[in-house]
Amino acid sequence: MSHVSFQTEHFEAEVDFVVVGSGAGGAAAAVTLARGGQKVAIVEAGAWRDPEHYPQSTFGALRDLMDDFGAQVTLGGAFWPVVQARTVGGTTVVNSAICVRTPGDIFRQWEAEHGLRGLEAGVLAAQDVIERELAVEEVPESARGRSNVLAKHGADRLGWADSHYMKRYVKQCEGAGRCMQGCTGRRKQSVNLNYVPEVLERGGVVVSCAPVDRLVFEGTRAVGVKGRFVHPGTRKPGGEFVIRARKAVVVAASATHSPVLLMRSGLELPALGRFFRSHPGTGVFGVYDDPIDQNVGATQGWASVAFREQPGLKLETLAIPPELVASRLAGGGTVLMERLARYRHIAMWCHAVRAESHGTVKPGLFGSARPVIRYQLNRADMERFRVGMTLLAKQHFAAGARAIIPGIAGLPYELGPDQLRLIEEGPLDPKHYIAILSHLFGGCVMGTDPKTSVTDARGRVHGVEGLVVADASVIPTNLGVNPQHTIMGLAVVFAQALLEQHSGVRVGVAA
Amino acid sequence: MLWFVRSAIVALFPRVERDGVVIPGAADCGLDEFLKRFKAETTTLVWLGTVLGAFVFHFTPLLTIFVPLPAFLLPKGLLDRHAAGITTTSIYLLRQAVFLVKLPGGLCWGADPQVRKLIALPPLGTDPGTWRAAG
Chain Y
113 MSHVSFQTEH FEAEVDFVVV GSGAGGAAAA VTLARGGQKV AIVEAGAWRD
163 PEHYPQSTFG ALRDLMDDFG AQVTLGGAFW PVVQARTVGG TTVVNSAICV
213 RTPGDIFRQW EAEHGLRGLE AGVLAAQDVI ERELAVEEVP ESARGRSNVL
263 AKHGADRLGW ADSHYMKRYV KQCEGAGRCM QGCTGRRKQS VNLNYVPEVL
313 ERGGVVVSCA PVDRLVFEGT RAVGVKGRFV HPGTRKPGGE FVIRARKAVV
363 VAASATHSPV LLMRSGLELP ALGRFFRSHP GTGVFGVYDD PIDQNVGATQ
413 GWASVAFREQ PGLKLETLAI PPELVASRLA GGGTVLMERL ARYRHIAMWC
463 HAVRAESHGT VKPGLFGSAR PVIRYQLNRA DMERFRVGMT LLAKQHFAAG
513 ARAIIPGIAG LPYELGPDQL RLIEEGPLDP KHYIAILSHL FGGCVMGTDP
563 KTSVTDARGR VHGVEGLVVA DASVIPTNLG VNPQHTIMGL AVVFAQALLE
613 QHSGVRVGVA A
Chain V
15 MLWFVRSAIV ALFPRVERDG VVIPGAADCG LDEFLKRFKA ETTTLVWLGT
65 VLGAFVFHFT PLLTIFVPLP AFLLPKGLLD RHAAGITTTS IYLLRQAVFL
115 VKLPGGLCWG ADPQVRKLIA LPPLGTDPGT WRAAG
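Residue numbers (our numbering), protein chains in the order written: chain Y, 113 to 623; chain V, 15 to 149.
Just so you know, these hints were derived from the structure itself, not from any lab.
Any given hint could be a false lead.
Think about it this way: if two alpha-carbon atoms lie no more than 25 Å apart in a straight line, the pair counts; the simulated DMTMM-like pairs of lysine to aspartate or glutamate are [stated by the list, open to error]:
| no. | chain 1 | residue 1 | chain 2 | residue 2 |
| --- | --- | --- | --- | --- |
| 1 | Y | Lys506 | Y | Glu526 |
| 2 | V | Lys131 | Y | Glu286 |
| 3 | V | Lys131 | Y | Asp402 |
| 4 | Y | Lys279 | Y | Glu225 |
| 5 | Y | Lys563 | Y | Glu468 |
| 6 | V | Lys53 | Y | Asp180 |
| 7 | V | Lys131 | Y | Glu243 |
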């Protein structure tokens with residue numbers, strides 16, 4: 113058993129499989145390979161923090177858990193933040209652990225548009241197992257909090273076809289409302305608490321604080337990775353590491369970092385870094401007469417997929433911490449403080465747009481590892497975006513809000529129920545909105561044609577031996593639902609294919 | 015440079031009193047200590063963005079209240095009007111730049127125990143700043 117962290121000396125190792133990244137995809141792939149009897153090394157750019165190491169404040173979370181202090185933004189239109197973690201466990205440490213099975217129509221779309229066959233049964237079987245292992249359950253009544261209950265009430269009053277309390281990878285949630293800072297109560301089953309330690313127990317290696325700089329090739333075969341340790345506190349570079357893979361390298365560094373790593377390693381596939389997609393979203397606050405105390409209860413506890421197909425939206429609750437509300441609400445000076453004085457009376461619900469638009473991911477200036485993301489929503493997506501805000505506003509009013517705070521530049525700070533037209537006819541320029549990209553896809557998309565895709569239906573990179581991509585970057589379309597479960601299901605299927613290829617043994621997650 | 019950033023944040027998050035209830039401003043929330051920590055522990059790029067945001071905040075009163083003075087020389091009432099105006103300006107790049115200095119202000123203000131008590135939330139513990147060692 114070994115965990116290798118920041119060190120100033122040179123480090124070398126040889127294993128069967130090197131897995132780059134320890135988030136949903138990397139951990140699921142690594143544990144599947146380890147259960148198949150393979151020696152696995154997980155190489156993670158961030159530090160390994162257990163719940164006792166988790167920060168308390170949002171500043172601490174940005175510093176210790178988020179990629180690039182959460183400062184990554186899109187270029188091209190508006191500067192919208194791209195939210196990802198950089199820690200052992202990846203984004204599963206800081207997300208709301210929302211578990212949604214891959215919708216059946218997605219597999220049909222992948223087959224029709226991208227020629228991807230034979231994924232559905234394997235992915236759904238893997239998701240079955242993952243749900244049992246990660247204790248997936250509905251948000252318990254005691255942890256729902258007022259915001260989530262009100263959201264359900266509002267949606268039910270509007271007669272929406274789907275309105276439900278979420279299922280999440282959270283065991284007996286205590287409703288601390290601190291998903292984004294890491295769950296110190298160990299209720300959230302982020303993969304740093306289960307799959308990553310299991311890889312160690314099965315004889316694997318975890319190398320943390322180790323951003324991979326390049327993949328190592330021998331001819332057209334990937335044979336390992338190399339990079340330089342980075343101190344998790346000072347960010348100063350340490351010694352070099354070289355980890356060789358006898359059988360294959362699995363890249364699961366995220367939808368932004370995986371394509372950049374492949375490009376920086378010299379791969380030149382025409383589709384590499386293209387077809388980057390997301391679920392951009394924003395929140396609408398409701399203002400209520402009684403205190404809501406949105407940070408009491410599950411951070412995200414209610415959702416609806418009633419509008420997933422048309423117009424293409426997912427609606428959810430989301431309680432961001434007061435530190436972020438303070439900068440998120442419009443205004444400054446006395447005006448802002450008077451708005452913050454009503455903090456207990458506001459609740460934020462949000463949408464995620466199933467956007468058609470796609471962009472690109474490339475290495476940064478002078479080929480640096482910092483991804484540059486060019487992404488801008490087209491008119492149809494902005495119309496969806498606006499419809500989603502209108503739906504959230506209606507939901508708030510149905511739940512009893514006396515006003516809503518849309519956060520649209522150029523519109524009044526608060527709107528009443530008779531002013532929804534202002535949102536419906538609101539601007540279509542993304543610069544008027546405060547939004548984030550939370551669910552990311554593409555950059556190394558799956559497909560059958562090497563001109564339009566980077567990997568095949570098992571994540572194997574076209575034209576390269578021993579190189580598999582197993583994260584959100586392979587997903588060729590938007591899902592319209594939270595992607596963690598799909599990422600994990602795909603990663604397991606890809607790892608099972610590797611096991612079959614290299615040892616003839618088929619081992620599922622539940623070996 | 016800290017005073018420059020500090021004065022912008024204090025203007026954006028001033029102490030106010032309404033109906034006998036005091037809402038602490040950023041200056042009441044350990045801002046000086048926080049900014050030292052923020053500068054030392056954040057990335058260079060984020061700190062440069064914060065300074066840029068403060069720069070934009072201080073040198074744009076002409077655009078918001080039509081006064082040709084930097085914000086740090088404005089009397090309280092005009093400064094407050096400028097703080098409201100620059101955060102809602104129709105010029106996107108200015109609004110975004112000021113957001114960069116508003117963000118650390120919010121991070122400091124929202125984590126303060128007095129503020130959290132006011133909004134019925136328990137105080138936060140300290141950030142351990144630790145990680146699992148090798149082994």
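Which numbered conditions among the earlier hints are violated in the structure presented, ordered from lowest to highest? 4 and 7
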